[in-house]
Structure formats: structure tokens, C-alpha cells
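Novice: Residues per chain, in single letters:
Protein chains: 6
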Amino acid sequence: MLLHRQTLQHRATPEKPDAVYARKLQELIGGQYGEITVAMQYSFQAWNAHIPGKYKDLLFSTAAEEFGHVEMLATMVAQLLEKAPQGITEEAVQDDPTVAAVVGGTDVQEAIAAGAGARPTDSNGNPWQAGYVTASGNLLADFTANVNAEMQGRIQVARLYHMTDDAGVRELLAFLLARDTHHQNQWLAAARELQASGAEELPVPSNFPQSKEHQEYSYQAINFSDGEHMADGPWASGPAPDGIGEFTYIPTPPESARGRADAASHPARCRFYGTTDVPNVVEKTAGAVQDRLHRE
Amino acid sequence: MLLHRQTLQHRATPEKPDAVYARKLQELIGGQYGEITVAMQYSFQAWNAHIPGKYKDLLFSTAAEEFGHVEMLATMVAQLLEKAPQGITEEAVQDDPTVAAVVGGTDVQEAIAAGAGARPTDSNGNPWQAGYVTASGNLLADFTANVNAEMQGRIQVARLYHMTDDAGVRELLAFLLARDTHHQNQWLAAARELQASGAEELPVPSNFPQSKEHQEYSYQAINFSDGEHMADGPWASGPAPDGIGEFTYIPTPPESARGRADAASHPARCRFYGTTDVPNVVEKTAGAVQDRLHRE
Amino acid sequence: MLLHRQTLQHRATPEKPDAVYARKLQELIGGQYGEITVAMQYSFQAWNAHIPGKYKDLLFSTAAEEFGHVEMLATMVAQLLEKAPQGITEEAVQDDPTVAAVVGGTDVQEAIAAGAGARPTDSNGNPWQAGYVTASGNLLADFTANVNAEMQGRIQVARLYHMTDDAGVRELLAFLLARDTHHQNQWLAAARELQASGAEELPVPSNFPQSKEHQEYSYQAINFSDGEHMADGPWASGPAPDGIGEFTYIPTPPESARGRADAASHPARCRFYGTTDVPNVVEKTAGAVQDRLHRE
Amino acid sequence: MLLHRQTLQHRATPEKPDAVYARKLQELIGGQYGEITVAMQYSFQAWNAHIPGKYKDLLFSTAAEEFGHVEMLATMVAQLLEKAPQGITEEAVQDDPTVAAVVGGTDVQEAIAAGAGARPTDSNGNPWQAGYVTASGNLLADFTANVNAEMQGRIQVARLYHMTDDAGVRELLAFLLARDTHHQNQWLAAARELQASGAEELPVPSNFPQSKEHQEYSYQAINFSDGEHMADGPWASGPAPDGIGEFTYIPTPPESARGRADAASHPARCRFYGTTDVPNVVEKTAGAVQDRLHRE
Amino acid sequence: MLLHRQTLQHRATPEKPDAVYARKLQELIGGQYGEITVAMQYSFQAWNAHIPGKYKDLLFSTAAEEFGHVEMLATMVAQLLEKAPQGITEEAVQDDPTVAAVVGGTDVQEAIAAGAGARPTDSNGNPWQAGYVTASGNLLADFTANVNAEMQGRIQVARLYHMTDDAGVRELLAFLLARDTHHQNQWLAAARELQASGAEELPVPSNFPQSKEHQEYSYQAINFSDGEHMADGPWASGPAPDGIGEFTYIPTPPESARGRADAASHPARCRFYGTTDVPNVVEKTAGAVQDRLHRE
Amino acid sequence: MLLHRQTLQHRATPEKPDAVYARKLQELIGGQYGEITVAMQYSFQAWNAHIPGKYKDLLFSTAAEEFGHVEMLATMVAQLLEKAPQGITEEAVQDDPTVAAVVGGTDVQEAIAAGAGARPTDSNGNPWQAGYVTASGNLLADFTANVNAEMQGRIQVARLYHMTDDAGVRELLAFLLARDTHHQNQWLAAARELQASGAEELPVPSNFPQSKEHQEYSYQAINFSDGEHMADGPWASGPAPDGIGEFTYIPTPPESARGRADAASHPARCRFYGTTDVPNVVEKTAGAVQDRLHRE
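Residue numbers (this note's numbering), protein chains in the order written: chain D, 896 to 1191; chain L, 896 to 1191; chain H, 896 to 1191; chain C, 896 to 1191; chain R, 896 to 1191; chain Z, 896 to 1191.
The hints are simulated quantities; they were obtained by calculation from the structure and are not laboratory data. Source: prediction; values computed, not measured. Be a bit skeptical, because a hint or two may be false.
Said to hold, decoys possible - Some but not every residue of chain H turned toward chain L, in silico, with C-beta under 8 Å: (1) GLY1032; (2) PHE1103; (3) PRO1129.
To be verified - On the chain C side, residues computed to face chain D include the following (Cβ under 8 Å): (4) GLN927; (5) LEU1055; (6) ARG1087; (7) GLU1088; (8) ALA1091; (9) GLY1122.
Each residue gets a CB set at the ideal place from its N, CA and C atoms; glycine is no exception.
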């Protein structure tokens, strides 16, 4: 159950309106790594977690916090748009080049569709979509997804920090940066504990028996490019991070005789009307025979 | 530049057709964590990498390999569909319940649109889309994204392994599992080296000065739920993984007076026709005045 | 700010697993009119509301409740999937036709991607996307959007009620039906009060002066079909619901000489390489002249 | 059957080109509430209507009119783009700030992909998509969806009216505003008649017996926020608009013991490789036993 | 302007309901090459055509016909669903395997969202989207797009013809096949006339001067694969279809020294926080200098 | 299998940065007819081709080349962004109108998400999606799709050529134009050979017996518009391009009595809660009877 409290987690008030920047902030609301993504991702991870206790509690708590981050950003956007120009005439632009920048750089749907308000979209106007969400039920994989999300998110906030000099906006971003720092550390700590406790190990999923995979290929650094430096890294020799295998370097992909991409496939039905090597006779005889055999 | 070689990286031939399983394999081709995603993700990371040498070479190499994985899977799907039934009559189902399963469980577009072939879609028929791709230019964040992608991918292959008993399909999956094992290890090794060399550290991006973030919140485990066990993990006390901060636990979000979600915003333009606390007089007088002031 | 409470709003436990039905329930989670839609819609309406007080409070409250509905449904789906079959062999189907139904009718991504869990998608596997959300800043329009959402939602729950005889599932649906009843009534009551108080009236937006619209067309029921019964309804004669106009019926669209769809447009730039009535001479002379005139 | 007539419903000629405004007009063509949406929505409602006569005729007629509105807008956009600048050089911008505005604010695909023409997209360039369409077969719900669509549409036209001072554009918008006025009234009149005739009543769907819903919750205004004013509206006390229930106000969500979000789920298959409370032993023993029991 | 006529272009009545087939028919309504696509494509081509007369008239006429095809198919789907089963119990499946097939193979949203009606989606439930539409303003390119659309469409209808033995459905498909035959021929005829009249020639766009392209590469069949048979076709030697060039065959891509994918880029701003070869010192000194130089 | 070579196919270096143009170039990377589309389309056509030899080899080769084109464009974009301004202050715009143009016209996600890098999106920021791909298994249809793709692609490159005067960018575009010229010719040559060899003929699919279609409609140019010039083209009289039929012109669609769009459908289940002509009695009696009859 979610409950709403009307106080914001942090102050979210700009010094002055800036409709161009309002568009950019949309990335943190409805972008691939915006706050809606993490709020939804942690929620679905919590609902899909099969193990009660601290991990599930952590997921629920962080999910709720992230919904509150959406709220602060949406509140900020509404204020950045308070004096957003609605239209533009040629004269106005001639007088004041700033207006030209504003006209070109705003999210016009924030005006036309939302009436000077935030929208669940990214900085290019793409609607948020659930294809961004990861929730596999495997906590080590999912916590790694979360570390990534918090890293990408903190990078984007840091970039946006330098795209404004509004002290009020920076005040909020400085708070979000701090929380991203915490959440990066949090998911790393959780991932490490999962491994330390043996609940999940590398390679993920650790419960799948490696004996069933083709282990001769499990630690081969095969070079599919002609770049000369691939052999120079710790992924090409030495022990693998999973503590099990030892990396070897294969400079070019071996010529295998195990299969060819250019082999012909033989669709049983002539009635798919694909181009095959059967002569192009209407309702191909061979096909008709096959059809009969397959009782279609 | 990409060059094509007609040999497959590994054998990709099923024992017998299975149109229901062909649909499931689509997840590995065009799903969120399918081979198209990693091929495109590593490609864009390589093109966006600002630093020449081993990391860029590694990205190009792995990207090329993943395109070859798409090829093996597409080849497999085409063969699984070779005898796909095209239609269904009531009698056929009455005779043979297997037919019913097949009819219900196939990807009908593999028949109608591709003529018994693979498609760049996932197992629910959603077209692959580039919103799955991550390439930020920050290599530690992106390698973490890659570790996640390889973990999620290996989990999905492992699940699919148990959804068939076709030895030919399992042969290919066993190979893909091995390569996922390698790539999980590879990106982990690369991420560790980046940190060891000081090229990038935690929290990401390490080059943004932490003095600019609100550091009092940077290591606070604030509980936004009423779950009782959140304090029990290593994210609530002790040193943070970044080696900088020390976690503290805050059992409930502090009541802050710093901002309220229910405050009124004041759009300068009455002509957005939103509902405001100005009386609803046509072309609201107050608004008209504001408009004049803003010379619109 | 959003806070999470670990108790569910209502019991969400099925009598027994049913993976086919789990797919159907996804519609209520991530469909066009699922609970994610209304939770996000009411949230953005609250953040975009420019008027403090009861309407904003109502929006925040209802938004929070709807997030809790997502939670109950996701919890239900996880349990419906607890014994979901993972794969299928031909023998199993021959033995038991139920298996065939299950195989065909499940959401395979609930297994492959979520490991037997709920996903933020609809019953056809389409990811939820923010194009479903409406938040214009005009409360009468938005409350009407909400009435519609609650009507569509209640219809879908009612349909799903008859697609199962699991008493546990029906228990939850009976609760959701009741809440949809309340919310339908709630938004209707709010919309009526807005109008009664004069804050917003018909036609929406009431603050746009009707004198600026072509009022001769404002109450004309023009028939663009050859259906004979369009004149029979209260939209073709009598007073209009806005209390302002009087409907008249126009049996066929008048032949207007005011514009033609087949007129030629004259792109100034030959360099768009469209097909025009200028002769097809390379870098068309006329075009080059135009270009010079336009100083490009 | 649809027939095309080459006269436009209304004049659609701008005074002069304006590529920036052409982008904005796209919202009315391919936006969430643009003319394509209503044309398609009314068409599918007509095809899904199970009852012949005036409602079906009305839907067909209005659908056809809306396709004609797309045509007028597309014709207008083509003319607004007639002299669209194709490229931009630094010098041109230095000379004339207007050019800067134009460059920044145009839809570049109108030039690159359409060669100075309209596109089936919105003002942010998102392709129109059928997720915007509502057609449930329940006419009271669908007519309410239509009232909402006409309200949102009229708001957007009114906003766009003030974003230009081109008399030709405003001439067309004044016509569209009038038709939106009519259609708002039309769907309201139709919705009222449906209710007056008893064909459908509140709560929708009225044919589902309320005795099957948990009626104790059907008229409860439960406050999930700490906003103080939710009790002040007509949704918190007094008779509900459906004429059946009486609202009561519940200031905080009751603590229910009926279910918990943090309960463990128990996936029967260890082979989903999720993290569970079974010890992480390869091919978990308990799981293997379960598998055997379920004969997978 | 579009006008609706209530007679269908052709009979659209099945012999008996078939909810599984109803799902498949959705491909012809809302698929990539369904009737909505061609109706919208021809409409936008007409609106973007800069040349009045027969081509524009042809586009308008065919667009209108295709909308009528959507109507016949939607009418057909509604009837195929008339007796669609709503739910399913285990007993029912045990009794009747047909039910299993039906349950698995239907589009569940046709039931849940549309109440037994057609939807603007494809056979996998993906909403139709305008990314399918092509309208460039260049008529030779667009007519070629149309030939392709009619070919793909006719293939799909032909495939669907063999997926049913319902005489009523086949009656409609036989009509659609005939119209696809006509439209294939029609667009081919139009494309040929465009070329014969010199309005547009090969290569498209013919008005772009070939002297500006690197003509040494304009007729080279370069082999980027190791397939041995690429040299065997008429694209590798002899005159090119445009009547201008002569094909030559290049067996492997030349090693060019003109550029390298692994070169380093040098983002001027350290504040993008990407990984560069500048040492990872907080707010990198070099970067700060650059920033000053660029007056940011 | 795909192998990567670090040399580019052609030089891809601009004279100077231009962030506005970088956005436009995205159309050639991730647009509907960008290089990702053709690379993926030719790949899937190769994998779905059922006939070994020259056609399959040609598809693999061209697919590989197109991936290399993505690489050149992505490399170009990264360099165009090297000095991209990150933020903007009011003063900067007042000083320099060029900055205003840049701010408005850039793809802000290239900065925020990619850190000054290319993205798999189009020039309006829409993520690339696989709905653009065509691969039917019928080679004549697919080669026609390819001719269209190369025509649309060459038009877009030609338009973009005139949107810059950067000699480095034009150098690359001049190369791409040449390759598009070749590929247009290549697919035309391949399509002609398919027909000449009898492997596939018109109308596609030629293997479907025309006797099964309603041949009386197969060559009728029926006018669904009131445009007067439709009869003037070679599609209205004379022999059809397939060499089989003879066109006839039908000036208006015949009034057919074969079906009506306004007929009532009769959903068997009252429990879909649609509006029907059965009186609105709770759990409609007639419906209940029907339900019993259908043993649901």
C-alpha cells in the first residue's frame, strides 16, 4: 500500500522560470534512467522477490522514495514553466534573441498538452515505457541492474547540473546526487552480501550447473575484430572474476564446420508463398504432396 | 566495418520442428536482453568511447560476436518452423490435442508476416526497440550495464534450456550459456581494472566533486516503508562500498518543511486554459493584465 | 512523498495457480486502463494542478490508492504463477489437454523474463507506456478523463470476473469493482461541483471566448454518412447540454468552395527532391532561382 | 465504405509560411487527442457497436468528419512549410535571429522524411499509435471517452490559437473550435439519452450486479494522503451521482490483516533460477523433488 | 473530405464464429502491411503531393478504398467473435480439446478491452503505429513503397487464405486478393509512367546531380561476405537498370586508410563525465581550462 | 558470423563541430529508412531466405556493408558533437544568436544520455524499432521493399546534403549517395532476374492461383473520390503490368447489397457488458439463457 504525504522530501523551487531547462529535466522524470524507471523497477522487483525479509523491505522502501523524486521533479518543472511563452511573433524574436532560443528549445507538448506542466516523457518527448524495467526474480542480477541504473542516473544529474546556473535547480540536483550516491552504494552492498552469504554467486544464475554448458568456451576471449589491443586486458588472461575459470585469448574466431548461415531451409508448406528452389508452378506440385502428407 | 562469414559460430540445428518453442526463442533474438540488444549496445558504446585502445577494441569484438549470435538463433528459428502448421480445423484439434497447443502457443506473425521465419521481435511479439540500449560514454557505468545484460541474458537462456528437451536446441543453448559466462566475467574484469587504474571510481561519475552534493544525505539508509528488516543489511551501517562514506540508518523519512507538493503554481498565461484560482471569467482579466506585462 | 506500508489493502490470494489467467490479469496492471495508468494519471494531474486544496488533495489520495492496487494485482499474479509449467513435451500434451491450453495461453515473458512474476505490461504483452496518461491542467476535462478511465476499468474487471471461477481471485475483483464504483462516482461528483461553482463550464475550456469560434457551426449536426437515423437523437435538435446553443440537423455536408484538397503546393526548394510540376532537369533551374531569392 | 470529396470542409490557407508553427500543428494531426485519434476511435466504436440505428449512424458520421479534419490540417501544414529553410549557415543566423528560432523549433522530419509535408506524428515527433484509441462496446463508457477527447482537443486548439497571429491559421482553428464545441455537446447529449432510456446506467457497466461487489467499500472516500481538504468535497459525503449510494469519509486507510506485500511466494520450479530461501545448491534438491512431483 | 456509406464494398460474413482466426485477421487490420497502413500511407502521400491532377486523384481514391477494407475486416472480426468463449474452466478443457486451442490462440484484448470486437492492432496485439507510413513527396519512391506494400499485403492474405476453411471468410479474402492484384498493377503502371514521362527517373531522386556523388563507387558490387555466389548475378556485371552505369564486381572490401573506427574523440567538456584519456582528477584541470576557453 | 575491421569504409571527419547537424544526421542512423533499418532488414531476409546461393549471398554482403555505414555515421556524429555546448545562460544568447539556434536545435539526449555521442534514434529522438523491418521470405516482394528503402534513403541523404556546407560531412554523404545509387540498381537487377527466371512473377505471390481470387475485380480502377483525373492514367485502361489483365475504369463504387456496416452483431455473452438491444436488466435474462446454452 502506498500513502502520500504532502511535504516534499526536499525543496524544489527554481530562482526563475526556464522553459528550455524544463524540457531537459524531463529526462530525469520519464527517461530510460529517470525516476519513474527506478520507482517501477524496484516495485516490480519487490513484488517478484520470492524471499521475505531485508531484501524485499529494502526494495519497497527505495521504490517509495523514488516515487517521491518524481514528485519533486514534476513540481520543479511546473515552476520552471510558470512564465513559459506561449507563442512567438517575428517581431519578438527580432527584438530579443533569447526568445528564439526558448522557442526552439522547449518541449511544446508541455505547453499544448499539459498547459505548462510536467509530463511522463523524456527530454526528447518520448513517452515513458515499461520496456526500461528489469525484474527477473534473481536478486544478484537485479541488484546489478540497479547499480547500473543509479550510475547512469547520477551521470545524467551531473551533466544536467552544468546545464543551468539556477541556484534553486542546483539545490535540488545536489540532493538527488547525494541520494544517487547512497543508492549506488546500497545496491553494491546488497549484491556483495548476496554473494558472501552464498545466496547467489557468479556466474549468474549460479544454480544452473556449469557442467551443462560448453565449458571449453566459457573463459575464451575470442577476438572478432582486428583491434590489436584486446589481448592487453585482464579479460584475456589470468583468473576470471567468478573464481572458477582462467581466461585464454583466441586471436581470431576459429573456422568451424558446424553449421552454415547459407544453408537452405525447407519449409514444408508451399502455401507460405516464399521463394524456394521448387519450380514456380502454381500451387507447386511438390508442395501439394507435402501438404497431403502432413494432413493439412 | 563489418564483414560476414558464412560459417556459423556454432551448430544451430534442432532435432525436429517445434513452432511453439520457436516463439519462445524470439526472446533471445529481439527481447530486452536478447542478442540484438547486446550487439547494438556494445556497438554504440564503442562508437561513443572517447579513449582508444583495449576497451574500444574489446567493445568492437564483443559486438561483432553478438551479431553472430543473432544469426545462429535466427537460423535455429527458421528450422524449428519448417513444418509449422499453417491453419487448423476443428477436426484436427479433436484428433490431436498437440495441435491445440501448437495453435495457441505460436507466434502467428512468424507465419503470416515472415513465412516461417525469425523476426526481430521478442517472445510476446513486441518489435525490438532501441530504448533497450545503454551507451553513456562513461565506461564504468556502461560495463556495469553490460554485466547486468549478460546476467539477465544467461538467466533467460537457462530458463529456456528447461523448456525443451530437443538435443539440438540444447546444444546451441549450452554454447550460448558458455559465452554468457565468459562475457559476464569479461565485463566484471574490465570494470575492476577501470577502478584499479583510477580511470573511474565510485561513486560514478567519480569526477563530479562530491563537495557539490548534499553529503549529509549521501550515506543515509532512509526507510520509506514500514518493513522491519531494512536495518538488518550492510547498507544500513558500516562502511559504504565506495570506501568513502559510512552508512547510517534513518527509520522514517524526516518531516521536512522545505517544500510542499500541494502548493499552488501560478501560470502567467490565462490562455493555457488550466483551472486556476482566478475566477472563471472569459479571457480572465488578471490574466490579460499579466499577458500585457509579458508583452506576448 | 510516497510511503509504503506492507499490509495490502485487501486480500490477494488465489485458491490455486492458473498461469493462463495470470496473463489476463496483466491487463489490469499494465493495460491502457490498468492501475498503472490511473496511478500515474492522477499523480500527474495533481502535480499539474494550479489550484491548491480539495481537488489537489483528492488527486494525491486517489493516486496513492491506485499504486496499492497495482501491488495487490502483482501479488496475485505471482501466486497464480507459482506452479506455472515451464516447458512442455509432446507426451504431456497427449496425456492432458489442459496442459495444451496452458501452454498456448500464458504470457511466456512472465516465465522467461520475470521468473514467474508479474510484469508492467498488458494482457497481450505490450509494455505500459505513458501515452495512456492525460493531465491537461484543466480539471473539468481531466475529471471527465478520469470518469472514463474508471468506467473502462470497471468494465474490464467485470469481464475478467466471468473468466475465472477461482474464489480467491473473485474476492479481489469484487473489491476492485467496489472501488471502481466509488471512483466513478467520485470524479462525477467532482466534475459537477466544478461546474456548479463556476470554476469551469461547458464547452471546455469555458474561458476561451466563443465569439472567436465560427459559431454558425457550433451546434450543427452534420451527417457525413448515409445512415438514416442520425437525425433521431437529441444531438440533432433541441437545446445543447451546454445550455447555450440549439442543435440543428444538416443532412449532408455542404459543398464548400473554400478550399480544395487537390490544389498544388509550391515548395520553394527544388532541393527537397519531391515530384513537382517543374520539369525534371537536374538541379531544376526554376528552383535554383528561387533558392537564390531566398538567400539560402 | 469511405468516399473522398476533393473540396475541403473549410478553408485551410495560412497567410504566410511558418515552419515552427507547422511543427506545433502536428499535435492536432497525430497527437494523443489529435484528429487521427478521434477518427479512428469513432470508427472502431461504430464497428464494435452491437446495436444498430442512431448511435451507430452517429459514430460513422462523426468518424468520417474527423478524417476530413486531418485533411485540412495536413493541407495547412504543407503550406506552412512551403518556404521552410532547408539548412542553416552560421552567417545566416548572425544576420537574422529569426532564422535561429526557425532552425531550433521545426520538426526536422517534416523536411528530411516528408520533403516539406505533414506527417502522422505529434508535435514532439512521436508517431501516432493505436494505444490512444478506446472502443469497448459499452456505449456509455465510450461516449464519456469521446466527451473527454473533445474537451482535451478543444483545449489544445484554444492553446494553439494563441501561439500564432496568422489570420489564415486562426480562421481554420476557429472552425475546428466550433466543431469541437458541437462534438462535446453531441456526446454529452448521447450519453444522457443512453441513461435516460435505461440502456445503460451508473455505475458502468450497470448490468453487472452490484451485489457481487464488496459494497461496503463502494462509497467510501478513503484518504491515502495527509491532505486536509479531501473531506471538503461532495465526494466525501452526501448522495453519490449514481443515485444509489451515500458517500462516507474515511480519514486514513484501515490497517487490514488481510494480506501482506512482503509474504514469500513459493515458485514450484527451482529452474526459474530466481533467488529463493532454498539454499543455493546447484540444481537445488528441494526443487528437484518438487519437479518430480509435478511431472515436468 | 471523407463521406461514409453504410453498404460494405463486399460481403463480410463468416459461416461460423472462430475466435482464433479473429486474432489472425487482426494482421490485415492493424499490422505493418494491414489496411490501416495503406489507407494512411496513400492519404499522406496525397496531402504531400505537390503536383495536382491524376496522381493526386489516384492517391485519394485508393486511400478511401482502403479505409473501406478496414471496415470489412473489422465487421468480419466482430462476427467471428460473436460466440467467443469468455473464460475457461479445467473441466471444459478436459471435455473438449478444441476449447484449449481457442483459449490459447485468441487475442485476449479483443475480449477484455473491446468486448468481442476488432481492435487497431496486429495479430500479436501490437497497436498500429505511424512508423509504418511512407510519404516522401517523391512520387517514384513512394509508388515503389506502394508496390511493396501491396505485394506484402497480398502475400499475407494468401497465407491467411490457407489458415481457414470457412467459406465466408474465404469469400472476403478472395475479394481482397483481387483488389491487391489491381493495386499492385496500378502502382507499377503509375511508376512506369512517371519514368516514361521524365517526371522522375533512376536513380531516385534523379534531380540530384550524380556529379556530386562519388561515382567511382556508384556501380561497384563489393562483397562484404565470403559467400561465393554474389558475383553470379546481374548486379555484378553488365549495365545497371538505371541505364547509366555499368556494374563491376569487387570481391573484398578494399583496405582504406581513410578513417578508423578506433580513433579517439576529444569531447571539449570534461563535464560530460565520460571516460577519457585525461587523468581522473576531480573536475579535471585540462577540462576546466577548456571550459574557460569556450566561455561556458 | 560477423567480423569487425577497424578501418572505416570511407573517411568520416567533419571540418568543424555542429551539434544541430548532428541531430539531423541521426535520421540516417536510426530513422525509418536509416542504416540500422537496412542492415537489419537485409540480415533477416538472408536468414529467412529458403533458397541458397547468389540471392542469399547478396543479402548477407549488403547487410554487412550497411552495418559499416552505421559506424561511419556514428563516428561522424561523435565528432560533430565534440565541442557541443552543454548549457546556456541568458547572457550567452544575448551576445551570440548562433548559440540560440544551437540550443534549440540539438538532440539533448545526445548530451544528457550519451555524453556527446550518437544514439540509435532518429532525428526527432524516436528510438529505432523493428517495426520498420520487412522480411517475408518472398524475394520479389522483399527486393521491392529494398528498392524502396534505397530510394527513400537516397532522397534523405540528398536533402541532408543541402542542409550543411561542411566539406567533411558532404564528403561522407557523397559516398553514401553513391552506394545508395548502387544498391537501388542492385535490387532492381535482382528483382528483374527473379522475374526473368520465372522464380517469381506478377502479381506477387505468383504461386497463389488467380482462379481463387474474384477476378472480376482484379483489374478494375474504381474511383472512390470525386477527382476527375483518375481515368487519365495507364492504370485505368490498357494492359496491366503483370501481362495478364486489362484495366477498366469504374467511375464510382457500385452500390452493393452484399453487406452493411450498420448491421447489428449479436454477442452471445451478455457478460461482455457491451450495449446491446437486449433490455438493460441486471444479468440480462436472455443472456443468461444463452450462457446456459453455451455451457460456459
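Novice: All hints, please: hold or fail.
Specialist: So, going through the hints one by one against the coordinates:
The criterion of a C-beta within 8 Å of any C-beta in chain L is met by GLY1032/H, whose closest approach is roughly 3 Å, and the hint holds. Using the Cβ-Cβ criterion of 8 Å, the hint placing PHE1103/H at the interface with chain L is satisfied: the shortest such distance is roughly 6 Å. The restraint placing PRO1129/H at the interface with chain L is violated, with a minimum CB-CB distance near 27 Å, outside the 8 Å limit. Annotation: GLN927/C was flagged as interfacial toward chain D, and the flag holds, the nearest CB pair being 7 Å apart, inside 8 Å.
With its C-beta approaching chain D no nearer than about 6 Å, LEU1055/C sits inside the 8 Å limit, and its interface hint holds. Below 8 Å, beta-carbon pairs count as interface contacts, and ARG1087/C has none with chain D, the closest being about 28 Å; its hint is therefore violated. Look at GLU1088/C: its Cβ only gets to about 31 Å from chain D, farther than 8 Å, so that hint breaks. At its closest, the beta carbon of ALA1091/C sits 34 Å from a beta carbon of chain D; the interface hint therefore is violated under the 8 Å criterion.
The restraint placing GLY1122/C at the interface with chain D holds, with a minimum CB-CB distance near 6 Å, inside the 8 Å limit.
The structure does not agree with the numbered hints 3, 6, 7, 8 stated previously, though it agrees with the rest.
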